[in-house]
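Student: From first to last, the protein sequence lines stand for chains A and B.
Just so you know, this note's numbering puts the end of the first sequence at 361, numbered straight through with nothing missing.
Just so you know, this note's numbering puts the end of the second sequence at 236, numbered straight through with nothing missing.
These aren't lab readings, by the way, just hints derived from the structure by calculation.
Do not rely on the hints blindly, as some may be mistaken.
To be verified - Computed Cβ-Cβ distance ranges for the label pairs, DEER-style:
1) A:A41 x B:F84: 20 to 30 Å
2) A:G347 x B:R158: 45 to 55 Å
3) B:G14 x A:A199: 50 to 60 Å
4) A:L231 x B:A5: 45 to 55 Å
5) B:I151 x A:L354: 13 to 23 Å
6) B:G197 x A:A163: 24 to 34 Å
7) A:G159 x B:N183: 48 to 58 Å
8) B:F84 x A:I81: 50 to 60 Å
9) A:A235 x B:E60: 57 to 67 Å
10) A:A238 x B:G14: 41 to 51 Å
11) B:G88 x A:P348: 27 to 37 Å
12) B:E38 x A:L191: 49 to 59 Å
13) B:G88 x A:A38: 48 to 58 Å
Since this is a predicted model, take the numbers as computed values, not measurements.
Just so you know, even glycine gets a beta-carbon here, dropped at the ideal spot from N, CA and C.
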Amino acid sequence: MPHETSSEVRRPMSDVGREPAGANLPSVRRRLIVATTAFGALACIACLAAPLVGPTPIHLWRVFDRTIAFRDNVDAQIFFIARLPRALAGALVGSALAASGVVFQALLRNPLATPFTLGVSAGAALGAILAITFPLALAALPVPAVPLASFAGSLFAVGIVYALATARRLGLSTHVLLLAGVTLNAFFSALILFVQYSADQSQTVRTVRWLMGDLDVATYTPILAALPFTLVAFAAFAWLPRSLNLLAVGTDAAAARGVDVLRTQRLAFFSASLATGAAVSLGGPIGFIGIVVPHLVRLLVGSDHRIVLPSSALFGAGFLVACDVLARTLLAPIELPVGIVTAMIGGPFFLWLLVRQGGGR
Amino acid sequence: MPSGALFGILGPNGSGKTTLLRVLAGILQPAMGRVLLEGTDLRRLSRRAVARRVAVVPQETHLAFDYSVLEIALMGRYPHLGTFGLEGPRDVQVARDALAATGTIHLERRSFSTLSGGEKQRVVIASALAQAAELMLLDEPTASLDLGYQIEIASLLRDLNRQHGVTMVIATHDLNFAAGICNELALLRDGRLMASGATESVLTPAAIGALYGVEADVARHPITGRLIVVPTRKVS
């Protein structure tokens, strides 16, 4: 049977099909620069604009007016002291959750995975709720107990899941990871209910508020506490994208192309878990960012992780800051926890994704 | 195994064909013994170094995300680039040449998931070809393909072997496919080598009987001149 190498002539009609967003390839470098510039600009605009929104109107030009001393400049005080921490917390949490969502989806080879699939957030929630319900035990510590306990809880959950997934010494089984994560989520939820049952009413209210996910940080301190962990995780992310592309094709295929699969999986699992743990300890388990953002970004820039990962980190920052503005203004003067807004947007989006994928395959 | 060969590994399901390929590719470590690549133990080479010399075409490819055909072909360049390396024009050229060699260049902008089974398999072979390795291992390259695609893949592999000098090891349980293209065969049963050598000398009714528990006639096709195997009945 003859082989036509350039069969433009014989090209059947069915070939004029859907082109993925990554199909119009200039070079990866060009696409990377364009995407990160665009999403980066979006994130910066969100961080600058978000603090301008609020009960007291302020003006950006007066905030940055150097002729007025800071202690006399009310606009600058509101901007930098009252509102900017919240925007920056949103940016940090949003980028960490979105980026780790990308990494988990590639690691588990499952587009519907989220940063919370593997139990990291359930562990964090259990830690936070223990700290809220039994405040005495941790009162002696110099740092705020709840974020610390939630971070410790997330590391605990990560440890359990990893130990289970490697228990059979056949590398890192993503099936076991997935099952262990889902089971751990359910088990920790049960423990959370148990702890709540023994809590008093004010503690229960605080617990429920924490579980909703909220960016209401009062100062820069919690942001600075979460920042180093996030930066370490992001530095690890820099090594991953090309290997993640191949993992998405298959683990054996990746190994055959020269990827050290186990090392990549380990690095991906621990760095994404670290970023998630830091983000959750700062903002609580804010849902759907880790799945909505990566999928929107893939629709725009294709599936190449070298572009998807940095773009998602930047877009996640802008997206969560924007959601938080909505949370603060929708029912003003009541401030909704941002987790409710992201769930309102993310839930239907997730379902749409499910149906779209089910139909597409 | 000599360079330039088109080597077939035959055996029933579960006889260890895929495992043997994974060991040959250095993905699995052998429990005993070692794999030598031109005198060098595979274990002494990094994954990347092995991948520059040995390419693998898996049985089936399921993507977790949608990539374009050109992106898939470019992934073959992985072992030739550093961790932070981006593909240059030369890599794109190699990938497009590989797509052209497998007759899929007209699909380069298509999304991989919209391709038919035969097109997918050819694109995956192109990706392995872009790896520029001297040895290509193929696991059941025709297992999920219909007759038309099987013939297409067979002639593609023969072309690549002759014109591009790629040495190939093909694991398959399709006797006629193997008889049609392989110049040497190894027969595998329960993880053990039963026989190996030139196709004509290995592929005998006795060997097929021992391999599959099936009575079979082996004849030469009057037109193509290739061996054909016709199973006649199962012996218990």
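Student: Each hint should be assessed against the structure and marked as holding or not.
Tutor: Evaluated hints:
In this structure, A41 of chain A and F84 of chain B meet the distance hint of 20 to 30 Å, their C-beta atoms being roughly 24 Å apart. Checked against the given bound of 45 to 55 Å, the beta carbons of G347 of chain A and R158 of chain B, roughly 54 Å apart, stay inside it. At about 56 Å, the beta-carbon gap between G14 of chain B and A199 of chain A stays in the expected band of 50 to 60 Å. One distance hint, 45 to 55 Å for the beta-carbon pair L231 of chain A and A5 of chain B, holds here, with the actual separation near 52 Å.
Look at I151 of chain B against L354 of chain A: about 39 Å separates their beta carbons, and that is not inside 13 to 23 Å. Look at G197 of chain B against A163 of chain A: about 49 Å separates their beta carbons, and that is not inside 24 to 34 Å. At roughly 54 Å, the beta-carbon separation of G159 of chain A and N183 of chain B lies within the given 48 to 58 Å, and the hint holds. At roughly 40 Å, the beta carbons of F84 of chain B and I81 of chain A sit outside the given window of 50 to 60 Å.
For A235 of chain A paired with E60 of chain B, a C-beta distance near 36 Å fails the hint of 57 to 67 Å. At roughly 43 Å, the beta-carbon separation of A238 of chain A and G14 of chain B lies within the given 41 to 51 Å, and the hint holds. Take G88 of chain B and P348 of chain A: their Cβ atoms lie about 43 Å apart, and the range 27 to 37 Å is violated. For the pair E38 of chain B and L191 of chain A, the supplied restraint of 49 to 59 Å holds, since their beta-carbon distance comes to about 58 Å.
Separation of G88 of chain B from A38 of chain A is about 24 Å and departs from the stated range, judged on CB atoms against 48 to 58 Å.
Of the numbered hints given earlier, the model fails hints 5, 6, 8, 9, 11, 13; all others are met.
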